[in-house]
Amino acid sequence: MIIMNINNQTKLYKSALEHKTSPSPNAWNRIQEKLGQDKKVVKMPFSKYMWIAAAFIAIVGVLTIFNSNNTIVKGADAMASTQGYSEQIEVLDINSEPGIYEIQKLAGLKVAYKKLSEKSGM
Amino acid sequence: MVANLEHIINQCKSQDPDAQKVLYDLYKDTLYAVCLRYIKSSHDAEDVFIDAFYKIFTKIDHFKGEGSFEGWMRRIMVNESLMFLRKKTNLHLTVELPDKEIADVQEEEDDMSFDDIMKVLDELPVGYRTIFNLYVFEDMKHREIAEMLGISINTSKSQLILAKKRLYEILKKKENLTFKIK
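Protein chains in written order, with my numbering: chain S, 1 to 122; chain X, 1001 to 1182.
Since the hints were made in silico from the structure, they are not lab data. Be aware that one or more of the hints could be misleading.
What the hints assert, rightly or not - Here are the simulated EDC-like cross-link-like pairs (lysine to aspartate or glutamate), alpha carbons at most 16 Å apart as the crow flies: (1) X:K1165 to X:D1122; (2) S:K20 to X:D1025; (3) S:K20 to X:E1070; (4) S:K20 to X:D1115; (5) S:K14 to X:D1122; (6) S:K14 to X:E1046; (7) X:K1028 to S:E18; (8) S:K20 to X:E1144; (9) X:K1174 to X:D1139; (10) S:K11 to X:D1029; (11) S:K11 to X:D1139; (12) S:K11 to X:E1123; (13) X:K1055 to S:E33; (14) X:K1157 to X:E1144; (15) S:K34 to X:D1051; (16) X:K1040 to X:D1122; (17) S:K34 to X:D1029; (18) S:K20 to X:D1029; (19) S:K11 to X:D1016.
Note that the structure is predicted; figures quoted are calculated from it, not measured.
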């Protein structure tokens, strides 16, 4: 059977709670360094993801703009081509002389009429 | 003081460096002393102290206000010290002897002062010193010590008695030497 001196043990425990020894002055600097490294690591992924997100948004934005421009351009081209064909026809009509037409011009006229009719749904 | 400490803890949870410094200054001496009781070399003890304080600052969110904050920090210091001892030294504890009777501890052996013990604590083998620290200075029960160290309760008890006997012998020897020199 173990007989322990409880009073002394309590005294020792309380003494231990109050016991103090100072670490070296450099200890705090070392702790700060560790914490500082930790903060750098935390910062990097966050800013990296921000860059990736920003790049993604930029790419999507550019594609959207490009796509919408493309649609406008196509529309404009269509308009222009229609107009072009009309002009061709007009030119041919105004400048035409009765008689023989150049074959290339005739072929062009034919294509132009064909496309015009397609567009107008005839 | 309590309200002030609560404020400091909350600021530390926000990783406020000024609050961290205040907390460090408040407790550094007490907590470093904990590490020194377990680890012989002051250089190693300081390394463990730094790692433990780093853990305190990074895991401070885990403290939910239940129990003493100082007690929570001390446990971290003790755990880090024990982890160090497991890695660096052979935290060898004698095999349990369940059939052997545990000898009575003489009252005089048990009446050593804190200062006397601190003078000779380093001279104890690491196993004796660890259990002595946990039982006497951390006020842990043998069941808790056994769970923490992965030993049996009987081993914890026998190690403690052997530690006390060894401490007493060392102190007596020093006293005799001093007496002889005088």
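Now for the hints, and whether the structure bears them out:
1. Distance restraint check for K1165 (chain X) and D1122 (chain X): the Cα-Cα separation of roughly 15 Å lies within the 16 Å cut-off, and the hinted pair is therefore satisfied.
2. Pair hint K20 (chain S) plus D1025 (chain X) holds up; C-alpha atoms about 12 Å apart against a cutoff of 16 Å.
3. For the given pair, K20 (chain S) sits about 14 Å from E1070 (chain X) by alpha-carbon distance, which is consistent with the 16 Å threshold.
4. Between the alpha carbons of K20 (chain S) and D1115 (chain X) the distance comes to roughly 12 Å, so the proposed pair stays at or under 16 Å and holds.
5. The straight-line distance between the Cα atoms of K14 (chain S) and D1122 (chain X) is roughly 20 Å, outside the 16 Å bound, and the hint therefore fails.
6. As the CA atoms of K14 (chain S) and E1046 (chain X) are separated by approximately 23 Å, the hinted pair breaks the 16 Å bound.
7. For the hint pairing K1028 (chain X) with E18 (chain S), the CA-to-CA distance comes to about 12 Å; that is within 16 Å, so the pair holds.
8. Simply put, K20 (chain S) and E1144 (chain X) have alpha-carbon atoms about 25 Å apart, too far for the 16 Å limit, and the pair is violated.
9. For the suggested pair K1174 (chain X) and D1139 (chain X), the alpha carbons sit about 27 Å apart, so the restraint of at most 16 Å is broken.
10. The hinted pair formed by K11 (chain S) and D1029 (chain X) fails the criterion: a straight-line CA distance of about 20 Å is larger than 16 Å.
11. With a CA separation close to 11 Å, the supplied pair K11 (chain S) and D1139 (chain X) stays within the 16 Å bound.
12. A distance of roughly 22 Å separates the Cα atoms of K11 (chain S) and E1123 (chain X); the hinted pair therefore is violated under the 16 Å criterion.
13. Taken as a hint, the K1055 (chain X) and E33 (chain S) pair is honoured in the structure, with Cα atoms around 13 Å apart against an allowance of 16 Å.
14. Between K1157 (chain X) and E1144 (chain X) the CA atoms are separated by roughly 12 Å; this keeps the pair inside 16 Å, and the hint holds.
15. Under the criterion of a C-alpha separation no larger than 16 Å, the hint pairing K34 (chain S) with D1051 (chain X) is consistent with the structure, at around 9 Å.
16. Proximity of K1040 (chain X) to D1122 (chain X) is assessed by CA-CA distance (about 6 Å); at most 16 Å being required, the pair is judged to hold.
17. In summary, the hint linking K34 (chain S) to D1029 (chain X) is not supported, as the alpha carbons are separated by about 20 Å, beyond the 16 Å threshold.
18. Annotation: proposed proximity of K20 (chain S) to D1029 (chain X) holds, straight-line Cα distance about 5 Å (limit 16 Å).
19. Restraint check for K11 (chain S) and D1016 (chain X): not satisfied, since their Cα atoms lie roughly 37 Å apart, outside the 16 Å limit.
Checked against the numbered hints above, the structure violates hints 5, 6, 8, 9, 10, 12, 17 and 19; every other hint is satisfied.
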